[in-house]
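Student: Listed below are the residues making up each chain.
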Amino acid sequence: MIAFILKRLFNAVFVMLAVALLAFAIFGVAGDPVELMANEQMSQDDRDALRERMGLNDGMLVQYAKFVANAVQGDFGMSWRNGQEVIGLIAQRFPATMELVLVATILSLVVGLPLGVLTAIGRGRWYADSLQFVSIIGVSLPSFVVGILLILVFSVMLGIAPAFGRGEVVQLGWWSTGLLTPSGRAALVLPAISLSLYQITLIMRLVRAEMLEVMRTDFIKFARARGVSQRVIWFRHALRNCLMPVVTMTAMNVGALIAFALITETVFQWPGMGMLFVQAVTFLDFPVMSAYLVIVSFIFVTLNTAVDIAYAVIDPRLREAA
Amino acid sequence: MIYARTLLGALAAASLAGAADADTLRWGAPRDIYSLDPYSYGDSYTIAFLNHVYEGLVRYDADLEIEPALATEWEVISPSLWRFTLRDGVKFHDGSDLTADDVIASLARVSHETSPLRGNLPAYKSATKIDDRTVDIELTGPYPLLLNDLTNIHIFDAGWLEDNDSELPTDVGNKVEGYATFNTNGTGPFTVESRVPDSKTVLARFDGWWDTPVHNIDRIDFMPIASSATRVAALLSGEVDFTEEAPVQDLERLMADPNLTVLERTDLRTIMLGFNRKETLADGRENPFNDLRVRQAVELAIDRDLLKKRIMRDKSRSAGTIVAPEIPGYTPELDRFPQPDADKARALLQETGHEGLPFTFVCTSDTYVNDEDLCNAIISMLTRAGFAPTLEIGPAALVTPKRTSGLSDMYMIGWANEPMLDSYSILLQMIESRSGTAGVFNWGGWSYPEIDALIVSASTEMDREARLALQTEALQIAKDEIVMLPLHQQPITWAMSQKVESVVQLADNKVRHWLTVLAE
Numbered sequence: 107m108i109a110f111i112l113k114r115l116f117n118a119v120f121v122m123l124a125v126a127l128l129a130f131a132i133f134g135v136a137g138d139p140v141e142l143m144a145n146e147q148m149s150q151d152d153r154d155a156l157r158e159r160m161g162l163n164d165g166m167l168v169q170y171a172k173f174v175a176n177a178v179q180g181d182f183g184m185s186w187r188n189g190q191e192v193i194g195l196i197a198q199r200f201p202a203t204m205e206l207v208l209v210a211t212i213l214s215l216v217v218g219l220p221l222g223v224l225t226a227i228g229r230g231r232w233y234a235d236s237l238q239f240v241s242i243i244g245v246s247l248p249s250f251v252v253g254i255l256l257i258l259v260f261s262v263m264l265g266i267a268p269a270f271g272r273g274e275v276v277q278l279g280w281w282s283t284g285l286l287t288p289s290g291r292a293a294l295v296l297p298a299i300s301l302s303l304y305q306i307t308l309i310m311r312l313v314r315a316e317m318l319e320v321m322r323t324d325f326i327k328f329a330r331a332r333g334v335s336q337r338v339i340w341f342r343h344a345l346r347n348c349l350m351p352v353v354t355m356t357a358m359n360v361g362a363l364i365a366f367a368l369i370t371e372t373v374f375q376w377p378g379m380g381m382l383f384v385q386a387v388t389f390l391d392f393p394v395m396s397a398y399l400v401i402v403s404f405i406f407v408t409l410n411t412a413v414d415i416a417y418a419v420i421d422p423r424l425r426e427a428a
Numbered sequence: 003m004i005y006a007r008t009l010l011g012a013l014a015a016a017s018l019a020g021a022a023d024a025d026t027l028r029w030g031a032p033r034d035i036y037s038l039d040p041y042s043y044g045d046s047y048t049i050a051f052l053n054h055v056y057e058g059l060v061r062y063d064a065d066l067e068i069e070p071a072l073a074t075e076w077e078v079i080s081p082s083l084w085r086f087t088l089r090d091g092v093k094f095h096d097g098s099d100l101t102a103d104d105v106i107a108s109l110a111r112v113s114h115e116t117s118p119l120r121g122n123l124p125a126y127k128s129a130t131k132i133d134d135r136t137v138d139i140e141l142t143g144p145y146p147l148l149l150n151d152l153t154n155i156h157i158f159d160a161g162w163l164e165d166n167d168s169e170l171p172t173d174v175g176n177k178v179e180g181y182a183t184f185n186t187n188g189t190g191p192f193t194v195e196s197r198v199p200d201s202k203t204v205l206a207r208f209d210g211w212w213d214t215p216v217h218n219i220d221r222i223d224f225m226p227i228a229s230s231a232t233r234v235a236a237l238l239s240g241e242v243d244f245t246e247e248a249p250v251q252d253l254e255r256l257m258a259d260p261n262l263t264v265l266e267r268t269d270l271r272t273i274m275l276g277f278n279r280k281e282t283l284a285d286g287r288e289n290p291f292n293d294l295r296v297r298q299a300v301e302l303a304i305d306r307d308l309l310k311k312r313i314m315r316d317k318s319r320s321a322g323t324i325v326a327p328e329i330p331g332y333t334p335e336l337d338r339f340p341q342p343d344a345d346k347a348r349a350l351l352q353e354t355g356h357e358g359l360p361f362t363f364v365c366t367s368d369t370y371v372n373d374e375d376l377c378n379a380i381i382s383m384l385t386r387a388g389f390a391p392t393l394e395i396g397p398a399a400l401v402t403p404k405r406t407s408g409l410s411d412m413y414m415i416g417w418a419n420e421p422m423l424d425s426y427s428i429l430l431q432m433i434e435s436r437s438g439t440a441g442v443f444n445w446g447g448w449s450y451p452e453i454d455a456l457i458v459s460a461s462t463e464m465d466r467e468a469r470l471a472l473q474t475e476a477l478q479i480a481k482d483e484i485v486m487l488p489l490h491q492q493p494i495t496w497a498m499s500q501k502v503e504s505v506v507q508l509a510d511n512k513v514r515h516w517l518t519v520l521a522e
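Respectively, the protein sequence lines represent chains A and B. Remember, the working numbering sits 106 above the position in the first sequence when you count from 1. Remember, the working numbering sits 2 above the position in the second sequence when you count from 1.
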């Protein structure tokens, strides 16, 4: 078991190093940050001096090596755009993104599971078919369109939810939360719906497929023959047997949601990591970009590893293989 | 269902509770400021915002003329030595008085060699304290535009800088965060109450301001909303009261709303085309753009008024010269441009033997108003006149290196002459040959000794009329030679709710809320 975890940790470090290397390879061709930082009046000599001080004249590999050496010590440098320490900037934005992602995940489970059961047991009925159809729209609509539509309906036309921002937040140590204030909760609704829509349809379709399969198995037939009520069969026996893949997918998709949140955050001016990254990209703020990529890949790798370890604990065959 | 209704009810209550008081201005801005330190960047937007908090020795009035601010009078002792008398009774937000030491500490900070804003005060040499109210500023030579430069050099409190170890500018190459990046202590009409980057910066009225306030604002909630669709939605739903960037395509919708007012005018920023003027093009061909007739053919091919009508929705102003009418040095004669004529352009191109000339046109997609549509339209106009251009378009971050290094045969650029508000800015930075501090934006690499001579003599000419005559002459040659091909001044569109009674909108597109009056 320990060997398995060590191996996984080694993989995780390797993935992060590779991501950072890719990031620096991209920086090499991305453009010149000095031209974006400098204003109209800055002289050529000052531009060159700035480029030198920022270490942009070093080769790509040298810049990468410096980044890794500093990052290992927890130092991701200073943002060129805000003159703030990158690690502080990301720590400031992390709670906003995590709250959004967690609420969206819970929402997708709360809505997706019952809908999945409903479409499975009502197969062929009009409501199940129309839900199936609507879910195609949910999968195919890009999230910025969903976001704008939600804003149009709920903010502009109905005026019941704020169109942007995070409302008032409460500081709990370094963690800032919007869940404790009415305006913070109101601000969370539209972005969370917009982010979870894809996930809802995914879970719904997954549960439906699994349910249909389980409903054909012998133990369900047997239960039915014994006269167990439909409701108990659906929700106690069948649904439980569908949950394993749903839980796995949900856990793995938290990483994907963090990445998707980038678009949702931009549309709703949600002050999270995704928006920080988008702004860093338009400004070529390399320190922020590289730190974000490394941290997000860390989250991905951690989630995957956690799922793998959970599997290994549950399924002895995997342990042997490792 | 009952649950759904309570949820909606709670949401409605929450959004009502969020409604601000009558004397708060909720400002939905297109972007956030980078820092609370006005010397952190040469970013005009950040500096303009921080002008609510910090002030310079002089400032622009409603006609963009210079008027006294922290200095009440000044005297040119010799062409390279100026004496400034400071205003009495000016207080910083922390209560300390404005003295000559503050001015000297600020000038030292802004002109330090690691200061990103150093280029905004190019002729500065040193400053000396004469007494508490008087400062002498020595320049590297005769320089007529010192006052223009000083409008954007905000004054810090020397003691505050010293106490917080911030006498030197924050250097991004360095790894230490600056105190002034997060804290402020200015003399301006507002103090910074709180700031959460990308969410909200709150300004509060400063009661000890030396000037008689025109505004009646107690609090400004500055909230950046980067997505323009969301910003428009926030304005329509009444979540913000004001924005200085309403997208041109949404103007009709905003104007149709009875609760909103739209304020439009044209910007100082002139959009223009530049040409590669090196011996050879990037691909090694001999450069056809060095032939004036080819550049003339480009000008004849482009129908400025059609661009204005179709792309800019009639909101722009077609330009015949590279500076806006508000910029000193401009004359109406310069602003005339020839009637577009695709056939004539084609004939001219045939005459040079370059018909079907293939070349690249490098464009930004995120920098100027409707720049993507604009570039596409230019491409089709040029194609109709017998050119064979290809468009290379992308975000500024991506295409700027191509534009600056001469890898583009033709490129688009905008210039507002900020913060100098004088045609000397564009002449020095873009038109003059590249050498030393001059011609940083001379991306095509041209050289006109005749123009250079005029610019150099203007740079030391202390008589304003004589200096402007020299600059106009330089602009005329630049126009005749089509050094740059001007297209238009882009529109400025502000929108506000009925809560805002009046704002002052000048051609420099800077928001000055100390002049804003809210409805009672």
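Derived from the structure by calculation, the hints contain no laboratory data. There's no promise every hint is true.
Label pairs and their calculated CB-CB ranges [to be verified]:
1) B:Gln500 <-> A:Arg346: 54 to 64 Å
2) B:Asn378 <-> A:Arg346: 50 to 60 Å
3) A:Val384 <-> B:His114: 45 to 55 Å
4) A:Phe239 <-> B:Asn261: 48 to 58 Å
Some chain A residues flagged as far from chain B (calculated, every beta-carbon gap over 10 Å) [claimed, not checked]:
5) Asn145
6) Arg153
7) Ile257
8) Leu258
Derived pair list, reagent style EDC-like, types lysine to aspartate or glutamate, alpha-carbon separation capped at 20 Å [said to hold, decoys possible]:
9) B:Lys346 <-> A:Asp138
10) A:Lys172 <-> B:Asp454
11) B:Lys404 <-> A:Asp154
12) B:Lys127 <-> A:Asp414
13) B:Lys202 <-> A:Glu141
14) B:Lys512 <-> B:Glu75
15) B:Lys501 <-> B:Glu467
16) B:Lys131 <-> A:Glu146
17) B:Lys93 <-> B:Glu77
18) B:Lys481 <-> B:Glu522
19) B:Lys404 <-> A:Glu274
20) B:Lys346 <-> B:Glu266
21) B:Lys93 <-> B:Asp65
22) B:Lys311 <-> B:Glu374
23) B:Lys310 <-> B:Asp223
24) B:Lys512 <-> A:Glu146
25) B:Lys512 <-> B:Asp173
Backbone N, C-alpha and C fix where the C-beta goes; we use that ideal spot for every residue, glycine too.
Student: Could you run down the list of hints and mark each one as holding or not?
Tutor: Evaluation of the provided hints:
1. B:Gln500 <-> A:Arg346: 54 to 64 Å: holds (58 Å)
2. B:Asn378 <-> A:Arg346: 50 to 60 Å: holds (58 Å)
3. A:Val384 <-> B:His114: 45 to 55 Å: violated (32 Å)
4. A:Phe239 <-> B:Asn261: 48 to 58 Å: Between Phe239 of chain A and Asn261 of chain B, where Cβ atoms are some 39 Å apart, the hint is violated.
5. Asn145: Violated: least Cβ distance 3 Å, not greater than 10 Å.
6. Arg153: violated (7 Å)
7. Ile257: Answer for Ile257 of chain A: violated, closest chain B Cβ roughly 5 Å.
8. Leu258: Violated: least Cβ distance 7 Å, not greater than 10 Å.
9. B:Lys346 <-> A:Asp138: Violated - the C-alpha atoms of Asp138 of chain A and Lys346 of chain B are around 40 Å apart, more than 20 Å.
10. A:Lys172 <-> B:Asp454: Roughly 44 Å separates the two Cα atoms, so the pair is violated.
11. B:Lys404 <-> A:Asp154: holds (17 Å)
12. B:Lys127 <-> A:Asp414: violated (66 Å)
13. B:Lys202 <-> A:Glu141: violated (28 Å)
14. B:Lys512 <-> B:Glu75: Given pair Lys512 of chain B, Glu75 of chain B is violated - Cα atoms ~25 Å apart, limit 20 Å.
15. B:Lys501 <-> B:Glu467: violated (44 Å)
16. B:Lys131 <-> A:Glu146: violated (31 Å)
17. B:Lys93 <-> B:Glu77: It is violated: about 24 Å lies between the C-alpha atoms, which goes past 20 Å.
18. B:Lys481 <-> B:Glu522: violated (50 Å)
19. B:Lys404 <-> A:Glu274: Roughly 44 Å between the alpha carbons, so the hint for Lys404 of chain B and Glu274 of chain A is violated.
20. B:Lys346 <-> B:Glu266: Roughly 36 Å separates the two Cα atoms, so the pair is violated.
21. B:Lys93 <-> B:Asp65: violated (27 Å)
22. B:Lys311 <-> B:Glu374: OK: Lys311 of chain B and Glu374 of chain B at ~16 Å, within 20 Å.
23. B:Lys310 <-> B:Asp223: Judged against 20 Å, a Cα distance of about 35 Å means the pair is violated.
24. B:Lys512 <-> A:Glu146: Measuring from Cα to Cα gives roughly 17 Å; hence the hint holds.
25. B:Lys512 <-> B:Asp173: violated (26 Å)
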